[in-house]
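Following the hints, complete the assembly by docking chains S and D onto the known chain W.
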Amino acid sequence: MTSQFHLTFNTHGRGSVEITADIAALVQNAAVDTGIAHIFIRHTSCGLAITENADTSVRDDLETLLQRWAPDGDPAYRHDMEGNDDMAAHGRSLLTGTSLSIPFGGGQLLLGTWQGIYLFEHRTHGHRREVVVTLMG
Amino acid sequence: MTSQFHLTFNTHGRGSVEITADIAALVQNAAVDTGIAHIFIRHTSCGLAITENADTSVRDDLETLLQRWAPDGDPAYRHDMEGNDDMAAHGRSLLTGTSLSIPFGGGQLLLGTWQGIYLFEHRTHGHRREVVVTLMG
Amino acid sequence: MTSQFHLTFNTHGRGSVEITADIAALVQNAAVDTGIAHIFIRHTSCGLAITENADTSVRDDLETLLQRWAPDGDPAYRHDMEGNDDMAAHGRSLLTGTSLSIPFGGGQLLLGTWQGIYLFEHRTHGHRREVVVTLMG
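Protein chains in written order, with the numbering used here: chain W, 38 to 174; chain S, 38 to 174; chain D, 38 to 174.
There may be inaccurate statements among the hints.
[Unchecked claim] Coverage of chain S stretches by chain W, computed from C-beta distances (three or more under 8 Å per stretch; other residues unrestricted):
1) 107 to 114
2) 117 to 128
3) 133 to 144
4) 163 to 174
[Stated by the list, open to error] Label-pair distances were calculated between CB atoms; the ranges are:
5) S:121 x W:167: 35 to 43 Å
6) W:45 x D:62: 26 to 34 Å
7) S:100 x D:66: 40 to 48 Å
8) W:105 x S:69: 40 to 48 Å
9) W:38 x D:66: 18 to 26 Å
10) S:119 x W:46: 25 to 33 Å
11) S:108 x D:65: 41 to 49 Å
12) W:46 x D:66: 28 to 36 Å
13) W:105 x D:113: 17 to 25 Å
14) D:113 x S:113: 15 to 23 Å
15) S:101 x D:119: 13 to 21 Å
16) D:93 x S:49: 40 to 48 Å
Hints were generated in silico from the structure; no laboratory data involved.
Fair warning: this is a prediction, and the values are worked out from it, not measured in the lab.
All residues carry an ideal CB built from backbone N, CA and C; glycine is no exception.
Same shape as in the complex, but just chain W (with noise of 0.2 Å):
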């Protein structure tokens, strides 16, 4: 059984959105209770990921070695057509990846207890972000 759905969110410039409701509400309503939950962003300038959820100095943290990672108006890139931040949001992409999949079981998705489902954006601005959830069991 497969079903599948199309969100859309709202990013305000660099910095992770939790998407971890959205995903749980389409996982209990789901027609099965076991399976993987598979989440897909439409982009390459934003990304997926798990991190934790309780301290939020910890994606402040991580904003901080994604810029040491991919530093904005790197002089190496020759890519720049859209400003400063556009080559680093591609090279953040790579490392945070396009897609993210989780278990859910009992039809509930079996995250730990410290874990969150983020959107991270990594332009400077913010952007409407397609997401294609597809839940298969």
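Relative to chain W, chains S and D alone:
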């Protein structure tokens, strides 16, 4: 056909634990012979990765790179509740990710000759780590 | 319904090979029209990634970043059996990963407009690379 298993692994501090045989055994006993084995780790301070299974110095060198990518006790971190290795572990987790998925066919994992499946402990002390394996096909 | 395909691609040294059309063709001929296309590479010195498909300088710049993240011939490496690029390739592989999964619906991959699927060769010389594609839905 979907089946799901809960496994636990004890780690002994930084470094990798090979779990290839544990996953292969589940696949060999599965009701279907073609599909995907999905492995998920329910934590944000350790990770899963496929890497070379022959020369152990590869994993030592990956540890060297991980230490460089997300250094312990970096002065830029704000999150350090659980010590010097706390935020570094979350940074490493962003890079290694929380899940792997591997095709199987003919009742066997379709890993390449030199691929092994590893749980990477990113904290300096050992932990009991929970893994959910979902077989779909 | 699960179907599985074995593909091979020849690389010509460092850089990326677009494989979007190969995967799209399998999806278009699949028995189901909604599900997940899973792509797995059976090696630890190359990787798979989704990135921008318009301006080729994006992939040149990703190559620049990969070279910085896991430099060739780093004096800290212990593993160098196959030369200067050997351990660097394993380090890059940890970052790019060994699999991708992409939703399909209506018999089409649900990639965003600017997303392409790429095989990244991390060794300096070309290789014959084996890929397993599993379609589930």
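Hint check results:
1. 107 to 114: Since three or more residues must qualify, the claim that chain W covers the stretch 107 to 114 of chain S holds, with 3 doing so at under 8 Å.
2. 117 to 128: holds (count 4)
3. 133 to 144: holds (count 4)
4. 163 to 174: holds (count 4)
5. S:121 x W:167: 35 to 43 Å: holds (40 Å)
6. W:45 x D:62: 26 to 34 Å: Since the Cβ atoms of residue 45 of chain W and residue 62 of chain D sit about 29 Å apart, the hinted range of 26 to 34 Å holds.
7. S:100 x D:66: 40 to 48 Å: holds (44 Å)
8. W:105 x S:69: 40 to 48 Å: Hint holds: Cβ distance 44 Å, inside 40 to 48 Å.
9. W:38 x D:66: 18 to 26 Å: holds (22 Å)
10. S:119 x W:46: 25 to 33 Å: Once the Cβ atoms are compared, 31 Å apart, the range 25 to 33 Å for residue 46 of chain W and residue 119 of chain S holds.
11. S:108 x D:65: 41 to 49 Å: holds (47 Å)
12. W:46 x D:66: 28 to 36 Å: About 33 Å separates the Cβ atoms of residue 46 of chain W and residue 66 of chain D, which means 28 to 36 Å holds.
13. W:105 x D:113: 17 to 25 Å: Roughly 18 Å apart at Cβ, these two residues keep to the hinted range, so it holds.
14. D:113 x S:113: 15 to 23 Å: At roughly 22 Å between Cβ atoms, residue 113 of chain S and residue 113 of chain D fall inside 15 to 23 Å, so the hint holds.
15. S:101 x D:119: 13 to 21 Å: holds (18 Å)
16. D:93 x S:49: 40 to 48 Å: holds (46 Å)
Hint check: no violations occur; every hint is consistent with the structure.
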